[in-house]
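Full structure from sequences and hints, please.
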Amino acid sequence: MKEDSVYLKHIRDAIARVESYTAGGPKSFFQNTMVQDAVIRNLEVIGEAVRNLSPQIRRRHPEIPWRSITALRNVLIHEYFGVDLQIVWRVVTRRLPTLKRSVDRLLASKR
Numbered sequence: 001m002k003e004d005s006v007y008l009k010h011i012r013d014a015i016a017r018v019e020s021y022t023a024g025g026p027k028s029f030f031q032n033t034m035v036q037d038a039v040i041r042n043l044e045v046i047g048e049a050v051r052n053l054s055p056q057i058r059r060r061h062p063e064i065p066w067r068s069i070t071a072l073r074n075v076l077i078h079e080y081f082g083v084d085l086q087i088v089w090r091v092v093t094r095r096l097p098t099l100k101r102s103v104d105r106l107l108a109s110k111r
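Taking the working numbering, I'd label the letters of the sequence shown as residues 1 to 111.
Keep in mind that the hints were calculated from the coordinates and are not lab data.
Watch out, some of these pointers could steer you wrong.
Below are the DSS-like pairs computed for lysine-lysine, each with C-alpha atoms no more than 25 Å apart in a straight line [what the hints assert, rightly or not]:
# : residue 1 : residue 2
1 : LYS110    : LYS100
2 : LYS9      : LYS110
3 : LYS9      : LYS100
4 : LYS2      : LYS100
5 : LYS27     : LYS100
Estimated spans, in silico, between C-beta atoms of each pair [what the hints assert, rightly or not]:
#  : residue 1 : residue 2 : range
6  : THR98     : VAL6      : 17 to 25 Å
7  : ASN52     : ARG17     : 17 to 25 Å
8  : GLY24     : PRO62     : 19 to 27 Å
9  : ARG59     : PHE30     : 34 to 42 Å
10 : LYS110    : ALA16     : 14 to 22 Å
11 : MET34     : PRO55     : 33 to 41 Å
Glycine included, C-beta positions come from ideal geometry on N, C-alpha and C.
And the structure:
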């Protein structure tokens, strides 16, 4: 079993990719299906990495919405034709910055 730090790094890297892909703002995101696909794929990666974190780290950090993150992953994977891009954009702009700060703190504490 991989250490939690490996999965936390996967989350951090996927967030960085999403930030890069969405740097063009909402217009670029909503008009470019390749950007949408890339963002959705990385949100799936984040959800999968969270799913693989140990129960211990999830219990120690209840301030992070672990279940919501994995629930989003499930929706993105299983209902891919019905994905609401407005919700995806809100996750990118409102939720990922907070998750990024939390993951950075967790990684810093593991050094």
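Results of checking the hints against the structure:
1. LYS110 with LYS100: Holds. LYS110 to LYS100 sits at ~15 Å (cutoff 25 Å).
2. LYS9 with LYS110: 11 Å, holds
3. LYS9 with LYS100: 10 Å, holds
4. LYS2 with LYS100: Holds, at roughly 20 Å.
5. LYS27 with LYS100: 23 Å, holds
6. THR98 with VAL6: 17 to 25 Å: Since the Cβ atoms of THR98 and VAL6 sit about 22 Å apart, the hinted range of 17 to 25 Å holds.
7. ASN52 with ARG17: 17 to 25 Å: Given range 17 to 25 Å: holds, Cβ gap about 18 Å.
8. GLY24 with PRO62: 19 to 27 Å: Violated, at about 35 Å.
9. ARG59 with PHE30: 34 to 42 Å: 38 Å, holds
10. LYS110 with ALA16: 14 to 22 Å: Because 18 Å falls inside the window, the suggested range holds.
11. MET34 with PRO55: 33 to 41 Å: Holds: the Cβ-Cβ distance is about 36 Å, inside 33 to 41 Å.
In summary, the structure is inconsistent with hint 8 from the numbered list given earlier, while agreeing with all the others.
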